[in-house]
Amino acid sequence: MNRFLEQRVGFAMLSLAALAVVAPILLVIGAIVVRGIGAINWEFLTAVPRSGMKAGGIFPAIVGTLVLILGTSLAAIPIGVGGAIYLSEYARDTWLTRAIRLAIVNLAGIPSVVYGLFGLGLFVLFLQFGTSIVAGSLTLAIMTLPVIISTAEEALRAVPTEFRTVSASLGGTRWQGIRRVVLPQALPGIITGVILGLLRAAGETAPILFTVAAFFLPRLPQSAFDQTMALPYHLYVISTQVPGMPPQIQYGTALVLLALVLSLNVIATMIRSSFRRRRQW
Amino acid sequence: MLIPTRLARLRKIRRPRSSSVSWGRWTEFLIESLIRILGLSTIGFVLLIFLFLLKEGVPVFLRVTPANLFGARWYPTFDLFGTMPLLLGSVLVTVTAIAIALPLGVATAVFVREVAPGWAREILKPMIEVLAGIPSVVLGFFGMTLVAPLIRTTLGAPTGLTAFTGALILAYMSLPTIISVAEDALDAVPKSYRDAGLAMGATQWQTIWRVVVPAARSGIITAVMLGMGRAIGETMAVMMVTGNAARLPLSLDAIFRPVRTMTATIAAEMGEVAQGSTHYHALFGIGIILFLVTFVINLVAAPAIFAKRRRGGLR
Numbered sequence: 006m007n008r009f010l011e012q013r014v015g016f017a018m019l020s021l022a023a024l025a026v027v028a029p030i031l032l033v034i035g036a037i038v039v040r041g042i043g044a045i046n047w048e049f050l051t052a053v054p055r056s057g058m059k060a061g062g063i064f065p066a067i068v069g070t071l072v073l074i075l076g077t078s079l080a081a082i083p084i085g086v087g088g089a090i091y092l093s094e095y096a097r098d099t100w101l102t103r104a105i106r107l108a109i110v111n112l113a114g115i116p117s118v119v120y121g122l123f124g125l126g127l128f129v130l131f132l133q134f135g136t137s138i139v140a141g142s143l144t145l146a147i148m149t150l151p152v153i154i155s156t157a158e159e160a161l162r163a164v165p166t167e168f169r170t171v172s173a174s175l176g177g178t179r180w181q182g183i184r185r186v187v188l189p190q191a192l193p194g195i196i197t198g199v200i201l202g203l204l205r206a207a208g209e210t211a212p213i214l215f216t217v218a219a220f221f222l223p224r225l226p227q228s229a230f231d232q233t234m235a236l237p238y239h240l241y242v243i244s245t246q247v248p249g250m251p252p253q254i255q256y257g258t259a260l261v262l263l264a265l266v267l268s269l270n271v272i273a274t275m276i277r278s279s280f281r282r283r284r285q286w
Numbered sequence: 006m007l008i009p010t011r012l013a014r015l016r017k018i019r020r021p022r023s024s025s026v027s028w029g030r031w032t033e034f035l036i037e038s039l040i041r042i043l044g045l046s047t048i049g050f051v052l053l054i055f056l057f058l059l060k061e062g063v064p065v066f067l068r069v070t071p072a073n074l075f076g077a078r079w080y081p082t083f084d085l086f087g088t089m090p091l092l093l094g095s096v097l098v099t100v101t102a103i104a105i106a107l108p109l110g111v112a113t114a115v116f117v118r119e120v121a122p123g124w125a126r127e128i129l130k131p132m133i134e135v136l137a138g139i140p141s142v143v144l145g146f147f148g149m150t151l152v153a154p155l156i157r158t159t160l161g162a163p164t165g166l167t168a169f170t171g172a173l174i175l176a177y178m179s180l181p182t183i184i185s186v187a188e189d190a191l192d193a194v195p196k197s198y199r200d201a202g203l204a205m206g207a208t209q210w211q212t213i214w215r216v217v218v219p220a221a222r223s224g225i226i227t228a229v230m231l232g233m234g235r236a237i238g239e240t241m242a243v244m245m246v247t248g249n250a251a252r253l254p255l256s257l258d259a260i261f262r263p264v265r266t267m268t269a270t271i272a273a274e275m276g277e278v279a280q281g282s283t284h285y286h287a288l289f290g291i292g293i294i295l296f297l298v299t300f301v302i303n304l305v306a307a308p309a310i311f312a313k314r315r316r317g318g319l320r
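Listed in order, the protein sequences are those of chains X and D. Numbered by the numbering used here, the letters in the first sequence go through residues 6 to 286 in order. Numbered by the numbering used here, the letters in the second sequence go through residues 6 to 320 in order.
Looking at chain X on its own, in the form it has when it is part of the complex (with noise of 0.2 Å):
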């Protein structure tokens, strides 16, 4: 019975292993949205940052996020869905095609503070943007490159051969076949990997770090060369770099910043789930 009694002492501690992943995961959202609840109100969402910061709202720092998801997408979106078609659709397995696998893994790889550098080096001085709302998501773009491309194209791999056998039967070209029939049925999949990938470009700080962000900007930005605040970065300053901070506030940019981003892994997962359960194929 030795060896039983082993294995029941053994999955017990399997499973206190994966509780001790989970429980700290659940502390920081309990105690990030415990903490910074009281914060949240009309005024702390809607108004700028008064007082040295340590009153008023964070407004500019969320109209900043939006703005630099948003010209994420306007730049990440074609490049990575076309991307994913070409790997998916037209590439033969030659060296040419592993080198972009492996290009895309490493993009993958990249610490986020060398996107950082490599924005500043080449948008923010050499193409002489400045610290600016596109070279920030420039930045941010190529970063969320490799998710965007890895899932549209996991996505557009996952209709049937058929699919395309059937519209080329049908007389219509490669092309035709691929905007009309696959990419339609790939769509859910493809947008779920957008949002995951811009779902990390929102949270990031590092590549914004000397690429767009401003420390202390108590207005929207004006255009897109100028600078703008963002959630995560405000939430470094203000964690870090103002002494004297309230804590409410600062749980408060937290918990704005952890919602709009656990939003929008959750409308992935939602858009996901639902998309397996109602495919035919």
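Rather than coming from a laboratory, the hints here were simulated on the basis of the structure. Be aware that a few hints might be false.
[Claimed, not checked] Derived Cβ-Cβ restraints for the label pairs, each shown as a range:
1) X/Trp47 / D/Lys130: 30 to 38 Å
2) X/Asn7 / D/Ala193: 26 to 34 Å
3) X/Thr178 / D/Ile42: 16 to 24 Å
Ideal Cβ placement from N, Cα and C applies to all residues, glycine included.
Chain X is already provided as a structure; the job is to place chain D on it using the hints.
Frame of chain X, contents of chain D only:
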């Protein structure tokens, strides 16, 4: 009278059709070329990133002597650019993080894949996805305000902002990567292995640890490597909780003292340097090191990632 009408009719029918066919061919050609370019663009981006890191980073290797660059003191204001403390700081924090995350991650992956009842899996998997989605600055904030004081009081140390605090946060940040890759590795072990183990009279527990996990070994090594890649490149959380003291972490209690990583150095100092100064180039030099380290890690791990894709990823 008749002929021009017929001609006109012919033109009316023919012209649009023929032009629309060639127009269609043209757009098709244009679109396919565009897609090809977009497909190739990722290679371009990797090259571009490396190129600009080199462009801004190489001058430091020309301006600063190697003895200084690999020295033990990082005091840019006194022209001392010793990267050793930062390099060892990154290594210390990363290795400790993996030492925490590896057993936790593999155990969780085994639990999810082999043992857990359906309902537990339904809770665990989304929770791990949520963890992957929490922004690093939020985890850093949590670590600063709640974990660090806890560590200070339990250690009785002057500060809770230590290498260990950073490693703890980093361990949780690399867990989603480790768990999902390890899970894929376990998934790839054929069912017949498990059946054979059980048929020999081994318990499920014995089968898992003596057959399934060893068979998934290479995948688990990949998981650890990708987790390390995540951990060494992590910036904000580490910067917020490790205390950022640039000294060699060589004493025995180094893990419970403040430390500074390469990433945190770039993030903290780039905002204050003059563009074109040696310090500016030195930060890009650190960026080159980080790029190369993660590049090598991913290059080695790539075959395993591709193998997973060939088996069909979407589950």
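Right, here's what the structure says about each hint:
1. At roughly 36 Å, the beta carbons of tryptophan 47 of chain X and lysine 130 of chain D sit within the given window of 30 to 38 Å.
2. One distance hint, 26 to 34 Å for the beta-carbon pair asparagine 7 of chain X and alanine 193 of chain D, holds here, with the actual separation near 32 Å.
3. Under the hint 16 to 24 Å, the C-beta atoms of threonine 178 of chain X and isoleucine 42 of chain D, about 19 Å apart, fit the expected range.
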